[in-house]
Amino acid sequence: MAQEEQTGRSIFTDLDDGTSDEEINKWQRTFRLWRETLRDHWGKLTDELSVKLSLITVAAFVLIGIFAPFIATHEPLTRQYQGEAEILIDKWAEPSILGADSGYILGTTAEGFDIFSQLVYGTRAALMVGLIAAVFTAGIGTLVGLVAGYYGGKVDDALMRLVDFLYGMPLLPTVIVLVAVLGPNLWNIIFALIILQWRSTARVIRSQSLSLRERPFVKAAEVAGAGDWHIISRHLAPNVLPLTFLYGSFGIAWAILAEAGVSFIGLGDPNTVSWGTMLQASRAYSALQFGAWWWFVPPGICIGLLVISGFLIGRGYEEITNPKLQ
Amino acid sequence: MSDDDVLLEVDNLKKHFKVNEGWIASLLQSVSGGEPDYVHAVDGVSFELREGETLGLAGESGCGKTTTGMSLVKLHEPTAGDIEYDDKRLSEASDAELKEFRQNAQMIFQDPFESLNPRMTVYDIVAEPLRIHDIRNETARVQRALEFAELEPAEQYFDQYPHELSGGQRQRVAIARALVLDPDFIVADEPVSMLDVSLRAGVLSLLDRMTEEFGLSVVYISHDLSLLRHMCDRLAIMYMGKIVEKGPTDQIIENPQHPYTQALINAVPVPDPDVGRERVELQGEVGDVIDIPTGCRFKDRCPKHMGEVCDKVVPPLEQKADVDADQDIACHLFESAEGYDPYEELEGRSAASDASDDTESAPADD
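Chain order of the listed sequences is A and B.
So for the first sequence, the working numbering puts the first residue at 879; every next one is plus one.
So for the second sequence, the working numbering puts the first residue at 419; every next one is plus one.
Careful, some of the hints might be misleading.
[Claimed, not checked] Simulated crosslink set (DSSO-like; lysine-lysine; CA at most 27 Å straight-line):
| hint | chain 1 | residue 1 | chain 2 | residue 2 |
| --- | --- | --- | --- | --- |
| 1 | B | Lys506 | A | Lys1032 |
| 2 | A | Lys1032 | B | Lys436 |
| 3 | A | Lys1097 | B | Lys506 |
If you're looking for bench data, these hints aren't it; they were derived computationally from the structure.
Isolated chain B, as found in the complex (with noise of 0.2 Å):
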């Protein structure tokens, strides 16, 4: 696990939208001086992708998992933080390297009856990237990656509409669509959860063979455990727009520290009446992401909340000292393997007051 073998860097990235958008509202906004209210979608979300490697991001509807996978192949400007692909910054990247990271960075929708353009032929749908990046022999390409998705032969799906397939079909043409250009790495939002329960295994067999014979790395982006567990070499799982815990897939499924990830594992439902697990069920709602709670944004619904420091300080993601694996956690349960002391901070923080955690979280203009 060398450094030089990591593909794509991913540090401190932040997606905020606006809420409130239209140009009345902004105008009375500027009128009376206030301050626009944000969406914080991906709030600072720090990992590495390396080469080869499948990353899953887990958690629940609306934890920002989508978003951080949109930022990942630039369907978003980040608000801040940044990317770092073959260690250049994309933020600082000339049109030529975007051109060239466009290639490289391909991205595989949830639904495949939305993700595939009605009008087109599965032959334009599959030859359209290439077409845009000036790749020569399209035919013979768009033939072999229709063909590696194991629609065979490929000539008979070249004139036909994406309403002629059925379901599997079509989330095999968006693979091929994604293969085509050759990519480096891949985002795979939700990939198989509109499919039939019968068409999963197909296709997830095809996802597994991509990685394998691609040499991809892979993000997947699912709120299925079980289907990550098969599928990833290493988990994250986020929760309100940060992750709260990373780390190598058998290590968090069996071994989950931060209560979230352990109440996560456990609403999974095991297909073995006789086995007792202990339920951890979580109380309440996913909190506020417009108005951001001080401290841990869990704290609300954590069966193990510990009073003050979990309310006023952030924990941050780190390597944590009594938990002995290579495993990341953002929880004040455990004590910090880098000397990080949160209670030196509550102090702190209860003499300087709560102003210093506005000016820190004022996103720039989006």
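Bound conformation, chain A alone (with noise of 0.2 Å):
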């Protein structure tokens, strides 16, 4: 550069000396392109009435996660007892909502349990369950996928073998495997879930980045100097961003889905409430022959609903990652 200044040839030249009151404020112009690109995805996203009405009822089951404790009206794992005698119920209560003069919503469960509470609490446990279930899968999966893509070769063998392996494990004996070991909690089948779940995001992030990677923008910033980090995070990362928050919203579903089915064949954590754990009782009660369906139908409905709201929305990402389908 020091010869084109000699021979005065550079347009760049009386730039060189001072800087200049000029530069824009970098962090202002960031914010404000962030703003832009997500004022624009979530007018994509809210464009079709599905997956308004799949937010509408995600937020509703978020408030009442939220508020619990002040929905509920009772403590979701206390017996309840009958009348003044204090007699513990026989069988179960009718639901006051059909007209029985029992003063539970939703009647009770054989074991003595508010069934009302007990949905209002286990609102809890799969909102959990499938947000931290979804960010860490999101998150090691993209992580994993773009470093196996990027650096190819040994890395991209290993890792690639690795969840090549994480493949061969069936879900339900892996889970009962780490639960038995762990032991039955629900943080321990989150953890479960992540290690089984976060593979499938890893293999399709690192299908991207490696097309990616190809791509004459990533060789012009390696021409222009740029670091394996600066590309990474950059120019990869941007690009297979949609996609993460794509499986990171199918990964809410699929993780609510999965702990439901885990606490229903038994190994659900005896002391938290999840719409799993409730199913399970019922099964166990066998309340399907004796047609207390207000026991298991409630729960089955809240999984249902959040479930599809789920994959609606990630539907409705789908076509912003994805403008074909629109």
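Dock the two chains into a complex; use the hints.
So this is what it looks like as structure tokens:
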């Protein structure tokens, strides 16, 4: 560059002394661009009625989860007793919304727990499992995928063989073993789900970054002298981020379903109420045979609503990541 | 044409790509003791780029011209050979020297739809090299570069994303990005082949202005000989990873010597139906770049094939005694000006068999 200045042929020569004051405020600019992108995405997302309804549903569940202690009429894991004599409820109390004179909105379980309160508290477990598992699976999967895809070669081989190994692990037996070893606890279930779930995100992100890293704009950054981390964070990550969100939102629904399934086979946390453990209890007491449908239908509906909402939001987001679907 | 204004010297550059990558394949190979296959993309290319000069690399698809260009800006680590920049060998350069080289070597890519990150604004794209090299006056420089690339007013483009621009505008942004660091030389890989014909003239005159005003050296890579004739001071014609002929542009176009160059120039259509040109049409396909044939690489398609010399001896790129222009040709048809006799080697070879050829072309691990 020194030579250029000597010959006076550079158009930048006069810029090289001192800083000019017309420098753009970077933070302000970045903030504004982010806001514009988010607004754009939000606009596209809420464009569709089904996505809008799903967002409302999820928001309602989140509110219920947050304010559970105020909404629930009883403690979810406290036995309810009948009348003055405080006798243990015989079989179950019928729901008061059906006209029964029991005082329990959705009746009680055979163990004497208030179903409505259990349902409200179960929202917390479902959202916690869904969100934490989704954030971690999407995060780990993206990181591993980016590193494997960018570096390729031996790094890629090692990471992808690990993913292959995880693909070989079936969901339920693995969770059974893990929960048996670590103890039946909601956190252990989340942990087991994360371990088994990041594999698919990692695969997809890897394939995406494999193709991205060969794109000319990455080459252009390399020519400009960009380092590995610069390329991964500035060029690859922003381009796979929509996919990460997509997998995250599918991950929420998937984790909730898996938790319900694991709880249903009796590996749930006995000290936490979740919709899955409610279903499991109703099966254990043969609620279906006795026609106590108010016990197992509400948690089933809740699981269905939340999972379908998750998938619909993911589906709506897919249209942003893949404009060809529109 | 003194030696000291040579900016870049490419010395017997080779780039071979390994075939069959993957650990199972290499494991099997090491068990069976087989040699891995290599694609000989660039196989011994030497040329120099002088300051302020424009050099054209021409040849058909797959002849290694893009790989050569990418090696020039260190996108590929050469398998063998070296590039000398400012009298420093790049293979021995320190990190600081390499960083300086990165600042002075830029590239313009073929496809403007792919060479700009779709999630970055024009401003960020052009400013990125400045950020990497920690150069101040970001805004002013970006503005200057965009205005030079005729994107005016520059502020209006700052916040636009590539998909909001037309193909021509995108290529201008790519040119602005290459120029913003004030480089010494630029490799332009088919800079206009993806653009509408109507936009080409504009971008080409911009590139022309860039060479003029920046005093840049530019390597144009293209298969379009009429473009190269318009843009370049010197031309090098490549075939299967080797330069077969190089020299001043007019010389090569008006008076091609190598049979391949003749065929290539003959293939350019002339917009005059009355011009009667002797057609030289090539037969057959480009040879196998994995299992390189012995002798001249062009021998199977050459209309002037002479027999055993062409089959056995690799013709070196050199001045020829019976061609008086300043032109290097790699062909046995002409007599070497440096006293090299291929027939001598032919006799020596028949005794020594082909074993020596194998060891010579065995590439380093890549």
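Evaluated hints:
no.: 1; hint: B:Lys506 / A:Lys1032; in the structure: violated (32 Å)
no.: 2; hint: A:Lys1032 / B:Lys436; in the structure: holds (15 Å)
no.: 3; hint: A:Lys1097 / B:Lys506; in the structure: holds (24 Å)
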